[in-house]
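K.L.:
If you want the building blocks of each chain, they are given just below.
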Amino acid sequence: MNLMKYYYKRIAASLLLTVSLVGQVKLAVNTIPTRVDVHLDGINLGSSPIKNERVTPGVHKFEIKKKGYAPLTYDLLVNPAQAVQLDFFLNPVYKVRFKTEEKGLVFELNGEHRWDVQLVRLELEAGNHFLRVFKIGEIIDEQTIRVDEPKKFNYYLKKPLSEE
Amino acid sequence: MSMNQRILVHLILTFEIILGFNPEPTYLVLNHFDRDLPAAEQALIDNFGNSTFEFDPSIHHMFEDIDNHENPAASHMVTIKELGEKYQVNYILFNRIEHIDDRFVLNGLLFNTRSGGLIHRRKIDLKQYLNGQINELNMWVGNTVGKVEKNWEKNRKSILFSDPEEINYEKTPRGAAIRSLAAPGWGQAYSGKKVSAGLWASTESSLSLAAIISFLNYDKAAKSFLKNSKLYDETNDEKEISDYRTAAENDWNDHKKYSQLAIIFTAATGTGWIANSIHAWIVGPKPYTNIYQQWNTK
Numbered sequence: 210m211n212l213m214k215y216y217y218k219r220i221a222a223s224l225l226l227t228v229s230l231v232g233q234v235k236l237a238v239n240t241i242p243t244r245v246d247v248h249l250d251g252i253n254l255g256s257s258p259i260k261n262e263r264v265t266p267g268v269h270k271f272e273i274k275k276k277g278y279a280p281l282t283y284d285l286l287v288n289p290a291q292a293v294q295l296d297f298f299l300n301p302v303y304k305v306r307f308k309t310e311e312k313g314l315v316f317e318l319n320g321e322h323r324w325d326v327q328l329v330r331l332e333l334e335a336g337n338h339f340l341r342v343f344k345i346g347e348i349i350d351e352q353t354i355r356v357d358e359p360k361k362f363n364y365y366l367k368k369p370l371s372e373e
Numbered sequence: 043m044s045m046n047q048r049i050l051v052h053l054i055l056t057f058e059i060i061l062g063f064n065p066e067p068t069y070l071v072l073n074h075f076d077r078d079l080p081a082a083e084q085a086l087i088d089n090f091g092n093s094t095f096e097f098d099p100s101i102h103h104m105f106e107d108i109d110n111h112e113n114p115a116a117s118h119m120v121t122i123k124e125l126g127e128k129y130q131v132n133y134i135l136f137n138r139i140e141h142i143d144d145r146f147v148l149n150g151l152l153f154n155t156r157s158g159g160l161i162h163r164r165k166i167d168l169k170q171y172l173n174g175q176i177n178e179l180n181m182w183v184g185n186t187v188g189k190v191e192k193n194w195e196k197n198r199k200s201i202l203f204s205d206p207e208e209i210n211y212e213k214t215p216r217g218a219a220i221r222s223l224a225a226p227g228w229g230q231a232y233s234g235k236k237v238s239a240g241l242w243a244s245t246e247s248s249l250s251l252a253a254i255i256s257f258l259n260y261d262k263a264a265k266s267f268l269k270n271s272k273l274y275d276e277t278n279d280e281k282e283i284s285d286y287r288t289a290a291e292n293d294w295n296d297h298k299k300y301s302q303l304a305i306i307f308t309a310a311t312g313t314g315w316i317a318n319s320i321h322a323w324i325v326g327p328k329p330y331t332n333i334y335q336q337w338n339t340k
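Protein chains in written order, with this note's numbering: chain A, 210 to 373; chain B, 43 to 340.
Here chain B stands alone, though its shape is the one from the complex:
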């Protein structure tokens, strides 16, 4: 070890002695709760194993007037130093929890017994949640010692309302629209609208069937026309010429009629299909609440 290194080690040791460096901070905890919280003391012991806690619930009234002092941080320096010497602790932690309706207020003060000053303070006003008081106590103490567990933060978030962009619904209007695009009526059925699901399914089925039948008739008429035209060209018999001509003309008319019908029914099917999908989106599953007049029931 060089001379410089020796000096450095010596300096570090000297500073540790001067500053009273203690790897395991000791706390005198003064809990003042308006309701019994039997698990509070054990929670601190269990969650902050690197610290030593001593509890004395008899002292608390002296810190309730802290805001009446001109400088709250230096309001009880002498008392804090005396308590520090008496209990041989580094810090004094004062926790007060009051319940107001469905809320609770945690007021936390952390004093350093060497300086006697207030070094941390937390006041939190929250809606009650499962084990909320213990959880908030853990978060407050954890914040002062730099150890806040993720599950404490997660527990606290349980009382908060969801971010509108993060809300996920099991069934959505878009899901309904996509289903109806795949099969007419499916989206409506998915949304629980059985009557409209049946109407859309039957309407679209009928239109599709009509379009197919029209196309088949058009195809049949077109083929028949070609056949009769060919026979008409090949024959020299007057009666046959007349018959083939009449048949070919009828086929031509039929082919035109069924062609138009096929176009109309196909267009109607396509339009209806899209309309059915839009309808599924409009009537799609959306959260709602029915409110009924309460005065009638009183």
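Next up, chain A with everything else stripped away, as it sits in the complex:
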């Protein structure tokens, strides 16, 4: 009799598991670089690569975080399907120093950050950034600078003759 009860419990548990898994979508998350914390709707799924996770159809929010990289937030509408595989590429953040010997200049980066000191330390996402330079309230320069490694930028109004 006890043996029957045991089997009934096993069958019931299996059915419950099957029912709970029906309608769920298999989820795999790969990232470059690997070993990145993956959060799904605020719950930490662990470090990437993530395999054989389950997600219900609907809208979900992914948050990908790793020290030294720009955090990534991604909203995804999961359709009823067999599996969803997501690949994320994280962009590193580099420590950059921006220096000028020129006086009276105001710098603006990406239309957001402004400074008027001669040396500033910044943490910038790798890639292109838009630099605008002001002098006495007027724009005197606009150009795109490329941040591809931790480095120092020296800004000059004139190019030395030796470098012409």
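If you're looking for bench data, these hints aren't it; they were derived computationally from the structure. It cannot be assumed that every hint is accurate.
In silico lysine-lysine, DSSO-like type, Cα no more than 30 Å apart, as pairs [to be verified]:
no.: 1; chain 1: B; residue 1: K199; chain 2: B; residue 2: K213
no.: 2; chain 1: A; residue 1: K361; chain 2: B; residue 2: K265
no.: 3; chain 1: A; residue 1: K235; chain 2: B; residue 2: K123
So, partial list: chain A residues that the calculated Cβ filter (under 7 Å) puts toward chain B [unchecked claim]:
no.: 4; residue: R244
no.: 5; residue: K344
no.: 6; residue: Q352
no.: 7; residue: K360
no.: 8; residue: N363
no.: 9; residue: Y365
All of these numbers come straight from a predicted model, not from anything done at the bench. By construction, the Cβ of each residue, glycine as well, lies at the ideal position given by its N, Cα and C atoms.
Dock chain B against the given chain A, drawing on the hints supplied.
P.N.:
Same frame as chain A, now just chain B:
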């Protein structure tokens, strides 16, 4: 073969027949590229030898509205099944590549012709890189068949920025500091700072030389003092006593003076040596970019 084994083999064969098991999957490939990619078809044939590909670029428009359907996975089931029967293939692979400025978007859809459903989908938006479109096509198809080669992943990584912790520089401030610790000025010279290299090398050489000379003079004065003291003790001649006494006193003063100078110059040499190493680290080779006002040149 036992009865059980016979039943098992029979069951496996039956399932293979029912499921239409095919060791060599066949694909109808519908490529829709906004630019010519002549190598794309051959790349699939060459890289996935276990699969058979048939190409028909004329069919593509029907899959462009897939996201407008309530259930994209089941949006074209009848058409997919019909195409499967017409071309006698297991799968239909739709690849669309569009170029936007310096980026390209690959939209891949893989349908199963038996069910008519969408079984894999990939949308990737990447910066262009060398043979990037073909590489991404290989990775997308490879991912669906479970065969992704390492060199494809390596090629893709070529467009990504380096991990700040993995960036290796040929010359580093630490390298400069170590060199200057071994020989003053070497680190500065290694960083291309020839003037400061010369200044540090000459300053440290002068200080070291002064310390050595002071020590030698101290040693000479100390020995002379011992000698004159001994002669002073051994003589009874009044003039000699006076002379030896004066000489011994001068030696004593010299020995004290050179001892202090040796200590000062040695301390200065040591401090300078460390300062030179720190200076080499500060002015050490670091990546930089000079930006010049562009509006003047326009």
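K.L.:
Please go over all the hints and tell whether each is borne out by the structure.
P.N.:
Checked hints:
With a CA separation close to 24 Å, the supplied pair K199(B) and K213(B) stays within the 30 Å bound. Taking the CA atoms of K361(A) and K265(B), the gap is about 58 Å. The hint is violated against a cut of 30 Å. The suggested pairing of K235(A) with K123(B) holds, with an alpha-carbon distance near 25 Å, which does not exceed 30 Å. Interface hint status for R244(A): violated, as the beta-carbon distance to the closest one in chain B is roughly 11 Å, over 7 Å.
For K344(A), the shortest C-beta to C-beta distance to chain B is roughly 10 Å, which exceeds 7 Å, and the interface hint is violated. Checking Q352(A) against chain B by beta carbon gives a least distance of about 5 Å; that is within 7 Å, so the hint holds. The beta carbon of K360(A) comes within 4 Å of a beta carbon in chain B, closer than 7 Å, and the hint placing it at the interface holds. At a threshold of 7 Å, the smallest CB-CB gap from N363(A) to chain B is about 5 Å, leaving the interface hint in force.
For Y365(A), the suggested interface contact is upheld, since its CB lies about 5 Å from the closest CB of chain B, less than 7 Å.
In summary, the numbered hints that this structure violates are 2, 4, 5.
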